[in-house]
Amino acid sequence: MAETRAYIGRTQRVMLAIGLLPLLAALLSAIGSVPARPPNLAAQVAARMGDSGVTHPLTAVLLNFRGYDTMLEIAVLWLAGLGALALAPGPSAQRGRPHPVLAGLLRVLAPALVMTAGYILWAGGFRPGGAFQAGAVLGAGLVLASLGGVVHLDPARGLQCLLGLGVAVFTGVAVWSWAQTGELLHYPGTTDKWAILAIESMAALSIAFILLTLFDRLTSPSTSLSTSLSSSPPPPPAA
Amino acid sequence: MPDAGFSSAWLAAPIAVPLLAAIGVALLSARLRAGVCALGAVGTAVASFVVLARVAAAGPLRHNLGGWGAPLGIDLFADGLSVLMLAMTAVLGCAISLYASGYFEHARERQSFWPIWFLLWTGLNALFLTADLFNFYVTLELIGISAVALVAMEGGPVALSAAVRYLFMAMLGSLAYMGGVALVYAQTGALDLALLEGRLGEGPLGQAALALLIVGLLAKTALFPLHLWLPPAHSSAPAPVSAALSALVVKASFYILLRTSFGAFSDNALAAVGPILGILGGLAVLWGSLQALTQDRLKLMIAYSTVAQVGYLFLLFPVAMPGAGDAAWQSKAWIAGIFHALSHAAAKGAMFMAAGAILHAVGRDDKNSLRGLGERMPVSVSALAVAGISIMALPPSGGFIAKWMLLVAAVRTGQWWWAPLMIGGGLLAAGYVFRMVKFAFYATPAHAPPLHAVPRRLEYTALVLALIALGLGLASVFPIAVAAIGAPFPENWFTEAL
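Protein chains in written order, with the numbering used here: chain Z, 1 to 239; chain P, 1 to 498.
Honestly, the hints are just simulated from the structure, not real lab data. Note that beta-carbon positions come from the ideal geometry of N, C-alpha and C, so glycine has one too. Check each hint, because a few of them may be wrong.
On the chain P side, residues computed to face chain Z include the following (Cβ under 10 Å) [to be verified]:
1. I23
2. G66
3. I116
4. Y137
5. G179
6. Q187
7. A194
8. G206
9. A209
On the chain P side, residues computed to face chain Z include the following (Cβ under 8 Å) [unchecked claim]:
10. W68
11. A70
12. G102
13. A208
Just so you have them, the derived chain Z footprint on chain P, three or more residues with Cβ under 8 Å [as the list claims (entries may be wrong)]:
14. 26-35
15. 144-155
16. 241-250
Build out the structure end to end from the sequences listed, making use of the hints.
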């Protein structure tokens with residue numbers, strides 16, 4: 001088929017790579033000239049920390065000063081989950097009886113993972129942490145549970161709601177703050193902290209399920225997604 | 001501009017409405033889908049036109065998100081260029097939504113398409129309204145990933161391989177753009193476009209930053225020779241998606257390039273790269289047109305035509321470049337470029353929609369299967385032909401006005417050598433448009449298989465868009481006046497021409 005052939009041959013690819021090397025060298029030397037203390041906005045962030053509702057500057061920037069960026073980024077993550085489901089709508093790969101060893105391990109690990117995720121989420125207010133990290137920990141737990149046969153991903157409406165929860169709450173808060181103050185994402189009065197906490201906890205939950213969805217769809221043996229991304233034959237279904 | 005009746009927060013409405021529609025259509029029950037989609041599309045269009053009307057009446061608008069203001073926060077900003085892009089997206093968005101409501105046959109496709117399509121719309125509107133260099137990156141991701149997912153929806157091996165290539169190119173472009181933003185921030189400590197004006201130094205760091213930004217954006221806009229991903233991706237996607245990609249998505253990264261090179265980075269960028277962008281644009285016009293002439297499949301002809309028409313957009317850079325003669329004529333080239341983006345969106349959207357209806361009815365779109373369609377599918381063939389009038393720039397179409405203004409501006413700024421290229425490109429376009437239509441006017445073959453029934457809205461949406469492309473030439477005064485609002489030139493051709 002004409003459209004699926006390679007654009008350029010191997011020799012040309014090597015030539016292209018060699019031709020690009022001087023450009024890479026020029027780029028690296030330019031990056032080397034970045035000043036040792038580049039100008040930034042740290043002083044202005046520090047000056048407005050008191051108005052942000054949190055005490056950690058990273059969280060203040062991500063959820064308040066530049067909260068709009070984060071809202072769209074959570075929409076991008078949601079989109080990744082939606083895209084994976086659109087490409088591979090079949091049933092989950094990980095079906096079957098619970099795996100005895102993994103299920104046993106999970107019984108020990110699950111409470112610790114949930115506790116850790118909750119702590120990381122709460123810690124985001126005053127030290128490094130927050131929704132993305134907490135969501136990653138929860139997501140790891142969910143992937144383990146799915147491998148152990150304890151959790152089955154079912155691409156139905158319930159899952160759709162879990163995936164979209166984070167972005168729905170963030171958008172809801174944005175519209176609510178707009179109605180209250182006339183400015184999108186301007187949390188009224190002293191509600192900063194609670195608005196941020198609501199957004200972060202729901203976002204963490206959605207991120208965890210988005211990660212589970214991506215893992216599950218990529219490992220499904222019969223999906224077009226896994227076969228189009230790898231040239232190796234799909235793995236045999238689990239016995 | 002404080003005004004009791006209008007808050008600058010309305011700038012957020014064209015972003016919030018499609019985002020809410022995406023959430024609603026994904027989370028609510030399937031029974032409510034048609035209502036949510038109709039409400040989302042109409043609501044987004046209304047919000048976009050409210051912003052357009054406001055900017056047309058009272059000039060550029062700025063809104064501080066979260067009440068922080070640049071440099072700490074992110075600002076939304078709308079001038080004539082932004083609101084015209086917004087209006088273009090609104091018209092095409094409504095047409096694509098209407099078309100898609102009749103196009104997808106399987107429940108699974110409908111369930112996948114709608115949330116992703118509204119997220120694409122959100123990303124486009126957010127991109128046209130932001131005033132922040134990093135926020136551009138986030139919107140580009142929203143657009144790029146939803147576009148790839150929509151191409152891959154088709155599911156066949158051709159579409160999947162095109163989607164994966166598109167994904168790699170889009171990621172590479174984003175990575176380069178992101179690297180450029182990081183270098184700009186390292187040098188200036190600012191991300192807001194207005195604050196960045198004139199701040200980027202002339203040294204190697206500034207040059208590296210600009211090179212990364214420009215290459216990343218060119219890859220996403222598919223300017224020759226970085227266009228290789230476009231024809232397979234645009235031609236193998238479902239028809240409403242092809243229309244969205246060719247009409248709107250390639251304009252998004254072009255918009256960033258236009259906005260930054262005539263604003264924040266005009267001191268450094270244009271003089272050095274303006275002529276190069278013009279030459280690449282010229283090569284794109286020739287190469288894309290010649291490729292379109294030799295294709296055997298209708299959708300591939302249309303996709304290569306996009307490669308050529310994207311080339312025209314870049315001719316505005318050398319002509320409108322500071323120092324290229326009198327500012328009034330430069331502003332005319334700038335307006336011509338914007339007008340070309342608008343009329344190309346309508347014409348190309350119409351062509352892909354008509355091609356989708358034909359593909360739906362015949363089952364194939366190679367040139368021989370087009371035989372006899374002139375009498376069997378007159379509405380779709382008319383849509384192709386009328387849209388073709390604008391693509392080959394015959395009067396009175398929008399394409400004619402755009403290319404005529406650009407040609408006059410090129411001659412008046414002493415750059416007559418672009419004129420033969422533009423005329424030659426128009427002739428080549430006539431060649432491929434006539435070739436598309438020619439087969440449709442041949443007699444119906446004796447054993448032509450019967451056509452599948454096509455929902456009427458598919459054919460008529462295409463025809464309406466084609467008529468809009470044609471009518472833009474007759475109703476060109478208002479868009480041209482809006483394009484002049486906030487245009488970065490000391491003198492303005494449009495106000496002087498009045």
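Hint numbers contradicted by this structure
Result: hints 7, 11, 12 and 16 break, sorted rising.
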